[in-house]
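Enquirer: The listed protein sequences derive, respectively, from chains A and B. The first sequence lines up with residues 1 to 554 when you count with our numbering. The second sequence lines up with residues 1 to 72 when you count with our numbering.
Don't take each hint at face value.
What the hints assert, rightly or not - On the chain A side, residues computed to face chain B include the following (Cβ under 8 Å):
1) G43
2) S48
3) N55
4) H200
5) D235
6) F267
7) A270
8) S272
9) A273
10) S405
11) G408
12) F409
13) Q416
14) T449
15) R453
16) K457
To be verified - Computed cross-link-like contacts, EDC-like style, restricted to lysine to aspartate or glutamate with a CA-CA straight-line distance of at most 16 Å:
17) K34/A - E11/A
18) K268/A - E432/A
19) K516/A - E444/A
20) K268/A - E495/A
21) K37/B - D458/A
22) K433/A - E476/A
23) K63/B - E495/A
24) K37/B - E461/A
25) K37/B - E171/A
26) K157/A - E444/A
27) K73/A - D532/A
28) K34/A - E377/A
Hints in this document: simulated from the structure, not taken from any laboratory. These numbers were taken from a predicted model, which means no experiment stands behind them. Beta carbons are placed, not taken as given, at the ideal position from N, Cα and C, and that holds for glycine.
Chain by chain, the residues run as shown.
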Amino acid sequence: MSEKFKSIQHECDVLVVGGGMAGFFAAWKAASMKQRVIVVDKGTVGRSGFTPWANTFSVFDEALGDDANEWIKAVQSKGEYLVNLDYFHMQISDSLERYRQLQEWGIVDEREDWVKGSEISAQKYLKGGDRRLIMPKVLKEAGVKLVERVMLTELIKMDNRVVGAVGFHMEEPVAHEFKCKTLVLCAGAGGYKNAGYPIHGSTFDGDAMAYHAGASISGKDFMDFHFTGDVHPWDVFAMEEEVFVNKIYATPGPIMGGPRIGIDPIFKVAESAPPLNNFIDDANHEQSENDPRGKGRSVLPLLPQGNIIMGSATGLGVHKSEGVWPVDNRCFSGVEGLYAAGDALASMICGASYPTTGMGLSGSAVQGYRAGMAAAEDAEKTEKITEYQENFQHAKERMLAPLKSEKGFSPRWLTQVLQSIMTPYYVLLVMEKSRLESALTQVEYLRDTIANRLKAKDNHELRLVHEAKNLLLNAEMKLRACLMREESRGNHYREDFPLRNDREWLSWVLISKGEKGMVLTKRAVPENWRGDLQQEYGERYPLSFPGDIHMRRV
Amino acid sequence: MAVMITVDKCIGCGACVATCPCDVLRIDRESKKAEVKYVSECQVCSMCTLYCPVNAIAVTPDKPDNPMLAYG
């Protein structure tokens, strides 16, 4: 089948991978700096990844009384002292400006008059100004070329610089070759495609491509998830039209105190069998009456039917705290030509735990803009691309190989097996050494025995093959990082190490590709970002884990 | 079946194909109408129903699970 594949060549200055909020701003900014920009997306721009479902955007606004020091203190406490304050400062300096841009384009703050159950259906209403359709329109008007329904599988390097990428179309027998001066990964995070949140298009593709290209990956030791209901677990939005027309609300920043968003019940599943429904008491911000942010929005606008199950949509990490490790404050990966933003960048603005709603989308906008600017400046200084067709040819052969296999395992089967290994609460949510090792043994078997023997009968299945391989790589990263962090902190709970260990673990875990597989290293948090180490345990860490109660004053 | 197309209503515009984040739908080459080709990948998000201009798609709140096999 692959013999019939045609190749299409694209050339640009800045290639942006992914058309969610981070990719949107990266592309727009680079184009505004007179660069030739292409956005390539596995789905369609504005309707892929996490962005179609976002409805909060955290904005720092001094005019409304926000205090930068209070935000920093709160995020450090909630993120348990693993917050990268350089990137967090970008939120403080840039988030209002990004929000205002989105307002001008009509991407946020519209549709005030849509009323649930009114005669105007959501569908008709959106014709007037659907944010998911405005995003590609704004980019096209800025001169950005969109290449949609094309999945990238490999970054192309030449002389230790990322100079392009290869991908294939979902339906047509066409391989796409992209030559660029710089590349911005905005391919989001991922999950294991289980029920609980509709983000099955996000499969850690950016992390996988960057890892193979030599970048370091971080934040795999912190888990996040979504909730769903036990009546229709797939239908997390309860089939409500409202979710589609929900506007994006401005929200304030993190505040001190309050429980972790939803994670506390999970730590107790082992002690107390489900149902455990007491989770919806976070995220209510204390605001003055004059503060307009988020007014009219309930904490959780829609609930699925039945008992609430926390910990669904497993595989997720903490927003903005998982992905390509930046070596500077310009979203640069350390591999020449390669930048990242949003959930594909381990900017660590949330540290070990998600501090408040709205930080995900806002972080993507802020970092996308910054990464687009850095990639454009780099592209301006970079010479025209030279010829290196051979590198493309080899990458294309690797990409299309599963189409040539007559025998092989199905990617759907691999994904299903992986789900059964990684999803149960006792693997990544309530963790313990022997259980993590047991899961890792199985993942290693899949890696060594199955991953390179997957077959695809058409392009759709070829996508599934590459996605399954990326999920598998990510599973290994998560298990290894979780085994390494022998303590509990934020969204990382080890039954066998239930206390925070400040002496050993005020560090991030970085994962890079070595000659014999993954190499994990610790990167210490700078001393001035560690908070007050003299504080008593219970004050420094107001949120408890089962097993650390003896550390707290009653 | 998680997704259903009312073929009589479908105008074959392809909006659903472009919308689906999971590549579930196709336009059938002969009938020129939308078809549910890869239902296993449906994530029951209902986004296709929103962007269909003629209300030809319905999504149910459940989908059948694939059986677990020794290999597949």
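Enquirer: State for each hint whether it applies.
Expert: So, going through the hints one by one against the coordinates:
At its closest, the beta carbon of G43/A sits 5 Å from a beta carbon of chain B; the interface hint therefore holds under the 8 Å criterion. Given hint, S48/A at the interface with chain B, holds; its Cβ is 5 Å from that chain's nearest Cβ, closer than 8 Å. Among the interface hints, the one on N55/A is violated; its C-beta lies about 15 Å from the nearest C-beta in chain B, farther than the 8 Å criterion. Contact between H200/A and chain B, as hinted, is supported at the beta carbon level, the nearest pair being about 4 Å apart and thus within 8 Å.
The restraint placing D235/A at the interface with chain B holds, with a minimum CB-CB distance near 4 Å, inside the 8 Å limit. Hint status for F267/A relative to chain B: violated, with the closest Cβ pair at about 28 Å, above 8 Å. The closest approach between the C-beta of A270/A and any C-beta of chain B is roughly 24 Å, which is over the 8 Å cut-off, so the hint fails. For S272/A, the interface hint is violated, the least distance from its beta-carbon to any beta-carbon of chain B being 27 Å, above 8 Å.
Proximity of A273/A to chain B is violated relative to the hint, the smallest CB-CB distance being about 23 Å (cut-off 8 Å). A cut of 8 Å between beta carbons decides the hint on S405/A: the least distance to chain B is about 15 Å, and the hint is violated. A cut of 8 Å between beta carbons decides the hint on G408/A: the least distance to chain B is about 10 Å, and the hint is violated. Interface hint at F409/A: satisfied, since its Cβ lies 6 Å from the closest Cβ of chain B, which is below the 8 Å cut-off.
For Q416/A, the suggested interface contact is upheld, since its CB lies about 6 Å from the closest CB of chain B, less than 8 Å. Proximity of T449/A to chain B is violated relative to the hint, the smallest CB-CB distance being about 11 Å (cut-off 8 Å). Nearest Cβ of chain B to the Cβ of R453/A: about 11 Å, over the 8 Å cut. The hint is violated. The interface hint given for K457/A is violated, since its Cβ lies 11 Å from the closest Cβ of chain B, which is over the 8 Å cut-off.
The straight-line distance between the Cα atoms of K34/A and E11/A is roughly 15 Å, inside the 16 Å bound, and the hint therefore holds. Proposed proximity of K268/A and E432/A is supported: the alpha carbons are some 14 Å apart, at most 16 Å. Between K516/A and E444/A the alpha-carbon distance is near 13 Å, which keeps this suggested pair within the 16 Å criterion. For the suggested pair K268/A and E495/A, the alpha carbons sit about 11 Å apart, so the restraint of at most 16 Å is met.
This hinted pair checks out: K37/B and D458/A have alpha carbons roughly 12 Å apart, not beyond 16 Å. Of the supplied pair hints, the one linking K433/A and E476/A holds, its CA atoms being roughly 14 Å apart against a limit of 16 Å. Taken as a hint, the K63/B and E495/A pair is broken in the structure, with Cα atoms around 35 Å apart against an allowance of 16 Å. Proximity of K37/B to E461/A is assessed by CA-CA distance (about 12 Å); at most 16 Å being required, the pair is judged to hold.
Pair hint K37/B plus E171/A holds up; C-alpha atoms about 12 Å apart against a cutoff of 16 Å. Of the pairs offered as hints, the one joining K157/A and E444/A is violated, with about 27 Å between alpha carbons and a cut-off of 16 Å exceeded. For the hint linking K73/A to D532/A, the alpha-carbon distance of about 10 Å falls within 16 Å, and the restraint holds. Restraint check for K34/A and E377/A: the C-alpha separation of about 10 Å stays at or below 16 Å, so the hint holds.
Going through the hint list in order, the structure does not satisfy hints 3, 6, 7, 8, 9, 10, 11, 14, 15, 16, 23, 26.
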